[in-house]
Structures are given as C-alpha cells and as structure tokens.
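If you read the sequences in order, they're chains A and B. Position one of the first sequence corresponds to residue 7 (my numbering), numbered consecutively onward. Position one of the second sequence corresponds to residue 7 (my numbering), numbered consecutively onward.
If you are wondering where the hints come from, they were derived from the structure by calculation, not from laboratory data. Incorrect hints may have been included.
Claimed, not checked - Incomplete in silico selection of chain A near chain B, CB under 8 Å:
no., residue
1, 62
2, 66
3, 67
4, 70
5, 72
6, 75
7, 97
8, 367
9, 395
To be verified - Computed list of lysine-lysine pairs in BS3-like fashion (alpha-carbon distance at most 30 Å, straight line):
no., chain 1, residue 1, chain 2, residue 2
10, A, 282, A, 272
11, A, 107, A, 199
12, A, 301, A, 272
13, B, 418, A, 107
14, A, 301, A, 253
15, B, 156, B, 282
16, B, 301, B, 272
17, B, 272, B, 230
18, B, 386, A, 386
19, B, 418, B, 253
20, A, 386, A, 301
21, A, 382, B, 386
22, A, 272, B, 418
23, B, 186, A, 253
24, A, 107, A, 230
25, B, 107, B, 253
26, B, 301, A, 186
27, B, 230, B, 214
As the structure is a computational prediction, the values presented were derived from the model and not from experiment. Using N, Cα and C, we set each Cβ at its ideal position, and we do this for glycine too.
2 protein chains.
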Amino acid sequence: MIYANRLHHEGVKKILLIIMDGLGGRPSGLLGGRTSLQAAYRPNMNFLVRNGIGGLMYPVSQGIRAGSDTSHLSILGYDPRVVYTGRGPFEAMGLGMDVSKGDVAFRANFATRADSGFISDRRAGRIQESTDELCRAISLNVGGVTFEVKPGVEHRAALVMHGDHLSSRVSDSDPHEAGKPPLDITATVDSAKRTANVLNQYLERIRKILDDHPFNRDRVSNGKLPANELLIRGAGMAPDLQDFQSKYGLRAACVAGIPMISGICKLMGMDIIHAKGVTGRLDSDYESKISSAVKSLDNHDFVIVNLKGPDIAGHDGNPLAKRDVIERADSAYRQLVSLGHRVVISITGDHSTPAEYGDHSGDPVPILIYTENGRKDCAKRFDEVSCSRGSLRILSGDLMQYLLSVSDITEKYGA
Amino acid sequence: MIYANRLHHEGVKKILLIIMDGLGGRPSGLLGGRTSLQAAYRPNMNFLVRNGIGGLMYPVSQGIRAGSDTSHLSILGYDPRVVYTGRGPFEAMGLGMDVSKGDVAFRANFATRADSGFISDRRAGRIQESTDELCRAISLNVGGVTFEVKPGVEHRAALVMHGDHLSSRVSDSDPHEAGKPPLDITATVDSAKRTANVLNQYLERIRKILDDHPFNRDRVSNGKLPANELLIRGAGMAPDLQDFQSKYGLRAACVAGIPMISGICKLMGMDIIHAKGVTGRLDSDYESKISSAVKSLDNHDFVIVNLKGPDIAGHDGNPLAKRDVIERADSAYRQLVSLGHRVVISITGDHSTPAEYGDHSGDPVPILIYTENGRKDCAKRFDEVSCSRGSLRILSGDLMQYLLSVSDITEKYGA
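Start from the sequences, fold in the hints, and give me the full structure.
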C-alpha cells in the first residue's frame, strides 16, 4: 500500500531522514530544568519545525526502552517483534564485524575459569587492557565453520560463526553466575544439533589456547585474573530483511558513523556512504556528514543519516556535552533549510538517552517533518516540550508510511 | 518485554496509580460551561501535571463507552476483549459476592410470573423494598451446586454458582420481554449440559419458595406485583487472570471502596487494603484512603486506588456534587506532592461519566504522570481542556508499559 509508484511524477520529493541517536532527554538541574535539546541554540531545527510539523514519536511502542537496533529497524518499517531474533548479531555489527545471511552471532564475555573448572569471575576482573590479541588467537576454523571473535569494551566481545546450515536455536555456555562451570551448548531444536556440536568442539579447543596464551600468563604473574574462558550468550541470526528498494520502490543510502547502523542498512541492501571525518564519536564531522547526505540525494530517493553524538553524551551522563553536540548538529543543518522545494526533511531520535539517567529511557522522542508548502501546526520550537503542542503522535513503525505520504510519492488507496 | 527486571537497581521508583472513577466530563451550564473537573479547586493535581506530563487516555479504545470492569482490566494490562466473558461475574463482585475461579455468575431480575406461567412484569413493579430476605430464601444447594443470590438496586440481583465442572456456555432464562414464559436454560456446548440441567432444577425449585414467601404474600395483599420469578442472564465465568506479580514482577496492592474493583484486583492476586472510613459512596474518607495507599508503598511496588465518588455524582446527574467530591480528593492528594523522589504518580479516570449525561460516555479521560526529574510538557492544569495540550495520547492498554518505563524499571529492548 505504501509502495512509491508515483516516483517519476512531477513534484514528487525525495526524503532525508536524520536520526539523532538518543535525542530525547529529561529536565536537567545543570541546565535550569531544561533538557539538553531545550538548552541548545538550534535556529535551524526551530526553523524547520516552525515551518513544518512537530510532535512525538514512540520508538517501537509506547513505553518501550528501545535499543538503537530495534528502533532503527522499526523506524525503517521492519517490525523488530518479527525480525529481531537476538542481540548477538547487532552487538557484532556494532563492533564492525560482518554478519551476513546465515551467520550466527553471540555476545561474549572473557571470564576466569578456576582449576576446578568452575567460573570464578564472569568478567575476568573487568579487563582494562585490549583483548585484541586474545581475540585473534581464538579466531579459527573448527569443523568447517569459521569462528571470528572481536573485542568490545573491557571483558566484552562478540563471536560470529560463518558457515553453512548453521542455526541460532542453541543455548548459552554462560552460566550467568560465578561458582558454576561453563555449560555445554545444547540444541533447542533438532536441526541445531550440528551447530551445538561444533560450538562445543570450538569452546573446548580455545580453552587450551587461552590457558597458554602469554596475555594470560602475564596477567597471572601480575596478580590479575586470567581471561581463560569465553562465555557466550544471546545467539541470533542476521535477520533476513526484505530489500529496501523492493519494499518501498526507493533507491536508498545510509550515512552513519557507527557500524551497527550501517550494518542494519546494508542488510536492507542500501548503499553505504562513507563521509569524510566521520568517527561515530562526539568529534564526528557533522558538516561533512550532512553534505554527503545532501549529495547522495542526487542519485537516491531516500537517505537516512545517524548522528551518534547525543547518545554518547547521554550515556556519559553529561547534559552539557549533549547540548553542545546537538548545537553542532544544528549548525550543519543550515545546509537543509533551502531544500524544502525538492526534499521532505524529517529529524527525530531513535530513543531517549537522558543524561541524568545515563541510559535509554522509554520517553518518547521529538520529531519534525518539513517540506515547502507542507502542513504546519502549533509546534514552534524543536524540543520535548514544545513538540507536545505539535500534531504528530506517531509510532516509529508508521513513520515511513507518513514520510512517503508527505512526499506525495504513493498511490491513492481507493477512489 | 515489560517485566520489571530492574526492580532492585538504584533509583528505580514505585508506582501509585489513582483511578478517579468516571472522572471525565462535559461542559455544564450550571458551571458556566466548564466541566466539574475544570470548576474544581484542585491545586494539588495542577501542581502534579504542571511538573509532570498530561494528556488524554482512551479507555479500551477510542470512542468505547467502557464500563468500570472492562476499563480497570484494560488499564492493568489485561485486554478485556480477551479475558472478559460476560457482565455476570463483575456485577456479582460489585455486590460484594465472592466469585472465584470455576464459578459461574449471572445478572438477575426479580420478575412477576402470572398464573398463566407467563411473565407479566420483568421488574416486579420495580421493587423499592429490600429483597435481602428473598435472596437468602433462595440461596441453597441443588444437585451438588451451591447457589448464592444477593440483592442489587430495586429488582436487580446477582446469582453465583459455586461447584465443580461448571460452564458459562448456557442460555438465559430471561425472555427479555413480558408476555412470554421464562425460558428453559439450554447448553450452547455439550460440556455445559450438566450446568444447564442443575440450573433448570434450581429455577423450578425456587418458584415454589418465591410463590409461598411472606414477602410476596404481603406484596399481593397490598396490591403490589409479587417477585415470584428470578430471571437470569449474562452467564460468565470469573476470568482466569495471570497473577499480576508474575506478569509484571511487581508486588501490588489495591485500595478500593467498591467490591467490584477489589474483586478484579483479588483475581489478579493483589493484596487488598482495607482503609478506615472507606464506603465506596460520596462520603468515603479520601484522606484515609490516600494515606493507606502511601503506607502500602512501603511493602509494595505498585498500588492502585479507586475513588468512586466522581462516578456516583455523574450518574446522579449532579455536576456540582461531582465538582465537590473532586475537590475533596484533590485535598487528600496534598499527601502526594512530596513523594516524587521515590514514586511515579499517575492520576486518571476509568471512563467519563458526564453529569449532564448521567451515564458513562465514550469521551477520553484526562491523565497525568508525575515524578521528580521526569518529563514535562505543555499541560498546565489538570482538566479535559488543558490536558489536550499535553503530550500523552494513550490507550488504557498501554498505560502499564508507559508507567513502568517512567519508573525506569524495565530492561532495554535491544542494544
């Protein structure tokens, strides 16, 4: 029903969707009771909402504390309650690993296994050193399956299995508490038996490698806990997502600094645009990112941009840094204010990350939609409070349909 | 997905949900075109919404004229379209009867059966005297089933069957119009045949008791219609509701003046708190009720309070009495304004009962959610009009999820 079959009609517009990661906030004492977004100097976003419409979006559904993965899936019209099988593949993509169709991925912890065979510390003393070397040592082939491990923060890592006929219907090796041995992997369905067997072989093989590794010998001689066990959990397959262009009829591109978001968009068959100076950190070059996105509109119908900054500052618990990075984004949006005659511009968040809370919350996110000669409403500034006067109250899963309708790109439903 | 698995984390808050029964109204000529809520002096509710968020809630769904039973089920996250099998058990609970799992309950009318065996008046002349004595006379054991009858208003009553292997899949004895005989109960499925048989035996047995009862002899000699037939309808089973604590992970309590609401909460396994001076009428002691609720938060994670007053005044068609009882509630809410650091407070209605209309309407109800350091919006006063400037537009079935997210009590969905 929402296929873009009027794409080549005159006056039809392209769509630019900017996701400011973790945008929503809560009042901050450090900002006189305002949110970071309220406190930011944001003339461009205010221009866009004042000349367009504003409101609130509920990521996934009302009151859900959405992750960036589930929320981006939902925003792009792929219901996570259907396509999301587990965090494993998204954590792995987040570490820059390639997770393709048919691969199985796990979240992993380096842990300490005592001589008794029991886990004495699930986090191997929260390792501060890079485990890159360890990860490379245990990335190997076992039973025709390629196992790839990459380090995350501290004791965390991800494991991806590349091979044929793999299944994610297997249990965790992680006993989820210390004082117990690592668990054998078991298949929860018959067709996963081979996957479980090869996983058990692999985990047995790497125990010896980890025990003997110089990294761990050094740790022990320095009185630290060795990282001699890899506990795995949250098995998931890369979701088999319908190609974005065949779903909507739109040639699409993604400009994102963080691998998890590009990974999701790649699974949808989008073109991945690498803009200069983009880091996925607070120092990312937003001018470059927005100008790459605008350029990409020349040969794409739909461009999605993710700016990770607000989420990082939110997780850091720093409402001032969050305000500052929002101001820097707004400054780059100067490039957008003259595009309304040919582009539908929407700016929103994938979830709230209030700096005062330091994690994702279930609060809704502000949203604006602007295009020349489009609807206007009573939202006069772009923030959590003023947008509550706007017209939009929308579930993330309905956003694509709404944007397509604003761009006059879809066929009439009925006569 | 909305299970409270972060319950023991620091900063997680408890939840107090106050349902002002029938709260929503319509403009009243007697109040200068204002609703009873707009006309009420309500500094405490205004404080809570001004420092929190406001909006409108749709009981069950938009435009539904919800009952208190269906609405409370929905508000607590039990979809009445799934769990609600009929009014019988809720009417019976409303009369203070114990309806447990496996019981079958009916709405009942005392009616007049003429010598011909036909019903001459379905309401036995709208009896004004108490039928308590009659009800006791026809509460008895037949065929291993205990039949219990309790009086309602005028000619109304409820019948509960306590026994094994009962079924609610049986027809009414009520012919729903005068000039017809009472109908035989029939089973609509095979497994209900025993229930139908024992019901027919019971109804036959009590005809003689009612015919001969002094209450009816007196009525006849005074020229009144005898209440010599019990017409039953709306068979339903007590719904088999998932335990609230296993559903949400929250220890919960209920403070309610009316038996129907405590009955519903009891079916969910909540603790029922009996506050002093609570009557379920307009004169109920709201100070006592609110202080009991606040005390209950010490050893519960979630407390629901029902204040029946606004609904009673609404049904009475008295917008001034409705205003006054709302003012009395607001005065008791003085106890709440300092709790925001440890409690998420939400005040709303289960449905609208506009006094000008005198019954439940399908209008949405105002809602507020307040906690310290939580979101704010543009709702500045707590009433039907000002709340329409607030951020919330919520279906009752999504409220629990929303409240849990405001209390930061649930796990993240995704990464």
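Tested hints:
1. A distance limit of 8 Å between C-beta atoms decides the matter here; for residue 62 of chain A the minimum to chain B is near 6 Å, and the interface restraint holds.
2. For residue 66 of chain A, the shortest C-beta to C-beta distance to chain B is roughly 6 Å, which falls under 8 Å, so the interface hint holds.
3. With 8 Å as the threshold, the beta carbon of residue 67 of chain A comes within range of chain B, its nearest partner Cβ sitting at about 7 Å, so the hint holds.
4. Residue-level restraint check for residue 70 of chain A holds (minimum Cβ-Cβ distance to chain B is 5 Å; threshold 8 Å).
5. Checking residue 72 of chain A against chain B: minimum C-beta separation of about 6 Å stays under 8 Å; hint holds.
6. Contact between residue 75 of chain A and chain B, as hinted, is supported at the beta carbon level, the nearest pair being about 5 Å apart and thus within 8 Å.
7. The beta carbon of residue 97 of chain A comes within 6 Å of a beta carbon in chain B, closer than 8 Å, and the hint placing it at the interface holds.
8. For residue 367 of chain A, the suggested interface contact is upheld, since its CB lies about 7 Å from the closest CB of chain B, less than 8 Å.
9. Hint status for residue 395 of chain A relative to chain B: holds, with the closest Cβ pair at about 5 Å, below 8 Å.
10. For the suggested pair residue 282 of chain A and residue 272 of chain A, the alpha carbons sit about 19 Å apart, so the restraint of at most 30 Å is met.
11. Restraint check: the Cα-Cα separation between residue 107 of chain A and residue 199 of chain A comes to about 19 Å, which is no more than 30 Å; the hinted pair holds.
12. Our distance criterion of 30 Å between C-alpha atoms is met by residue 301 of chain A and residue 272 of chain A, whose separation comes to about 19 Å.
13. For the suggested pair residue 418 of chain B and residue 107 of chain A, the alpha carbons sit about 25 Å apart, so the restraint of at most 30 Å is met.
14. Taking the CA atoms of residue 301 of chain A and residue 253 of chain A, the gap is near 24 Å; set against the 30 Å cutoff, the hint holds.
15. Between residue 156 of chain B and residue 282 of chain B, the direct Cα distance comes to roughly 25 Å. Compliance with the 30 Å bound is thereby established for this hinted pair.
16. Among the hinted pairs, residue 301 of chain B with residue 272 of chain B is consistent with the structure: their alpha-carbon atoms are about 19 Å apart, no more than 30 Å.
17. Our distance criterion of 30 Å between C-alpha atoms is broken by residue 272 of chain B and residue 230 of chain B, whose separation comes to about 41 Å.
18. For the proposed pair residue 386 of chain B and residue 386 of chain A, the alpha carbon gap of about 18 Å is at most 30 Å, so the pair holds.
19. The straight-line distance between the Cα atoms of residue 418 of chain B and residue 253 of chain B is roughly 17 Å, inside the 30 Å bound, and the hint therefore holds.
20. For the suggested pair residue 386 of chain A and residue 301 of chain A, the alpha carbons sit about 29 Å apart, so the restraint of at most 30 Å is met.
21. For the suggested pair residue 382 of chain A and residue 386 of chain B, the alpha carbons sit about 23 Å apart, so the restraint of at most 30 Å is met.
22. Between the alpha carbons of residue 272 of chain A and residue 418 of chain B the distance comes to roughly 24 Å, so the proposed pair stays at or under 30 Å and holds.
23. Distance hint between residue 186 of chain B and residue 253 of chain A is unfulfilled; the C-alpha atoms sit about 61 Å from each other, more than 30 Å.
24. Of the supplied pair hints, the one linking residue 107 of chain A and residue 230 of chain A is violated, its CA atoms being roughly 39 Å apart against a limit of 30 Å.
25. Of the supplied pair hints, the one linking residue 107 of chain B and residue 253 of chain B holds, its CA atoms being roughly 18 Å apart against a limit of 30 Å.
26. A threshold of 30 Å between alpha carbons decides the hint, and for residue 301 of chain B with residue 186 of chain A the separation of about 41 Å lies outside it, so the pair is violated.
27. For the proposed pair residue 230 of chain B and residue 214 of chain B, the alpha carbon gap of about 19 Å is at most 30 Å, so the pair holds.
Checked against the numbered hints given earlier, the structure breaks hints 17, 23, 24, 26 and satisfies all the rest.
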